[in-house]
Each structure stands twice: as C-alpha cells, then as structure tokens.
Amino acid sequence: MRADVGCWAQSEDGPLSTADFGDAIDSVTFGQILEMDDSEDDREFSQSIVFGFFEQAEETFESMDSALEEKDLEKLSQLGHFLKGSSATLGLVKVRDSCEKIQRYGKKENEDGSPEKDEELCLKRITETLKSLKTEYEDAEKILKKFYNTDA
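Residues 1 to 152, numbered by the numbering used here, are exactly what the sequence shown covers, in order.
There's no promise every hint is true.
To be verified - Per label pair, the in silico range of CB-to-CB distance: (1) M36 / D139: 38 to 48 Å; (2) E109 / F54: 22 to 32 Å; (3) E44 / A19: 28 to 38 Å; (4) D118 / E40: 48 to 58 Å; (5) K142 / H81: 24 to 34 Å.
Claimed, not checked - Derived lysine-lysine pairs resembling DSSO-like cross-links, with alpha carbons at most 30 Å apart: (6) K107 / K124; (7) K145 / K131; (8) K117 / K145; (9) K145 / K84; (10) K84 / K142; (11) K142 / K131; (12) K94 / K108; (13) K117 / K84; (14) K107 / K94; (15) K71 / K131; (16) K75 / K142; (17) K124 / K134; (18) K134 / K94; (19) K131 / K94; (20) K108 / K84; (21) K75 / K117.
I should point out that these hints are in silico values taken from the structure, not numbers from a laboratory. The C-beta atom is built at its ideal place from N, Cα and C for all residues, glycine as well.
Go ahead and model the full structure; you've got the sequences and the hints to work with.
If you want it as structure tokens, here you go:
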C-alpha cells in the first residue's frame with residue numbers, strides 16, 4: 001500500500017510529493033521519516049538524515065571500490081550490510097536490494113543464500129551489482145534532492 005503523505009517541495013514541474021517517488025523509494029517508509037519533522041513547512045530534521053545518508057553512501061562507495069580492487073570479499077560484505085541498513089531506513093528499495101546482493105556475494109553466497117565457492121564469480125557479480133547500485137543511488141538522490149528543492 002502506497003500512501004501519498006502530502007506535497008512539500010515545488011519544482012519547475014509543480015509540487016513534488018512522495019507519490020512521485022515511483023518504485024525507487026517506498027513512500028510509506030520515507031513518510032515515517034517525514035513524520036519526525038516539526039512541521040510540513042520545516043523539513044530540516046528529515047533533510048539532515050537524507051543528506052547525511054548521501055555523504056555516508058558516497059564514502060561507502062569509495063570503500064567498496066577499494067575493497068573490490070583488493071578483492072576483499074569480507075569487507076565488501078560488511079560494506080553492503082552497512083549501506084543496506086541505512087538505505088532500508090529511508091525506504092530506498094532498489095539500493096537496499098543491491099546492497100543485500102553485495103553482502104551475500106561477499107559472504108560467498110548466491111542471491112538465494114546458497115554457498116558459492118567460486119570467489120572470482122562472486123567478485124564479478126559484485127562488480128556488476130555495484131555498477132547498478134551506483135545508478136540506483138543516483139536516481140534516488142535526484143528524486144530526494146528535487147523533493148527537498150535543492151540543486152540536483
């Protein structure tokens with residue numbers, strides 16, 4: 001069930017609301033973050049959480065790139081797990097799902113949790129998933145920056 005929790009930002013295309021998030025962001029989950037704001041006119045609290053996540057994600061991507069170069073599956077799994085939790089809190093569904101895949105591949109597991117002994121295959125899957133993850137993150141970032149009416 002998707003709920004339109006209201007309109008808070010104006011863009012050149014008109015008001016942007018959580019209903020405009022599409023399938024990139026779960027509007028119900030994100031709405032729970034918005035409920036912590038003092039008012040609908042003052043979104044300072046939720047915006048600080050979202051923009052803090054942006055910084056955290058960028059740093060995590062850099063760490064993931066380094067861990068991938070070092071072929072450090074354990075570190076990649078930890079980073080995937082870390083970013084999965086943060087993205088899930090904000091309702092970033094696609095980002096969360098890709099992070100879960102990276103976490104599993106880093107633990108030498110297939111998507112379904114079954115063991116995968118081929119480390120090179122796991123690294124290849126992480127490389128592909130990380131590329132998708134970054135695109136999914138950029139899409140969500142654009143939507144949220146537009147929602148908060150900041151430069152995209």
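Taking the hints in turn, this is what the structure says about them:
In this structure, M36 and D139 break the distance hint of 38 to 48 Å, their C-beta atoms being roughly 24 Å apart. For the pair E109 and F54, the beta carbons lie near 29 Å from each other, so the given range of 22 to 32 Å is met. Checked against the given bound of 28 to 38 Å, the beta carbons of E44 and A19, roughly 22 Å apart, lie outside it. Evaluation of the 48 to 58 Å hint for D118 and E40 yields a pass: the beta carbon distance comes to about 51 Å.
Remark: the range hint 24 to 34 Å for K142 to H81 is upheld by a beta-carbon distance near 25 Å. The suggested pairing of K107 with K124 holds, with an alpha-carbon distance near 14 Å, which does not exceed 30 Å. For the proposed pair K145 and K131, the alpha carbon gap of about 21 Å is at most 30 Å, so the pair holds. Taking the CA atoms of K117 and K145, the gap is about 41 Å. The hint is violated against a cut of 30 Å.
For the hint linking K145 to K84, the alpha-carbon distance of about 20 Å falls within 30 Å, and the restraint holds. Taking the CA atoms of K84 and K142, the gap is near 19 Å; set against the 30 Å cutoff, the hint holds. With a C-alpha separation of about 17 Å, the suggested pairing of K142 with K131 holds against the 30 Å cut-off. Note on K94 and K108: the hinted pairing holds, with a Cα-Cα distance of about 21 Å set against a maximum of 30 Å.
Note on K117 and K84: the hinted pairing holds, with a Cα-Cα distance of about 23 Å set against a maximum of 30 Å. In summary, the hint linking K107 to K94 is supported, as the alpha carbons are separated by about 20 Å, within the 30 Å threshold. Taken as a hint, the K71 and K131 pair is honoured in the structure, with Cα atoms around 16 Å apart against an allowance of 30 Å. For the hint linking K75 to K142, the alpha-carbon distance of about 28 Å falls within 30 Å, and the restraint holds.
As the CA atoms of K124 and K134 are separated by approximately 16 Å, the hinted pair is consistent with the 30 Å bound. This hinted pair checks out: K134 and K94 have alpha carbons roughly 10 Å apart, not beyond 30 Å. Distance hint between K131 and K94 is fulfilled; the C-alpha atoms sit about 13 Å from each other, no more than 30 Å. Straight-line distance between C-alpha atoms of K108 and K84 comes to about 17 Å, which keeps the hinted pair within the 30 Å bound.
For the given pair, K75 sits about 17 Å from K117 by alpha-carbon distance, which is consistent with the 30 Å threshold.
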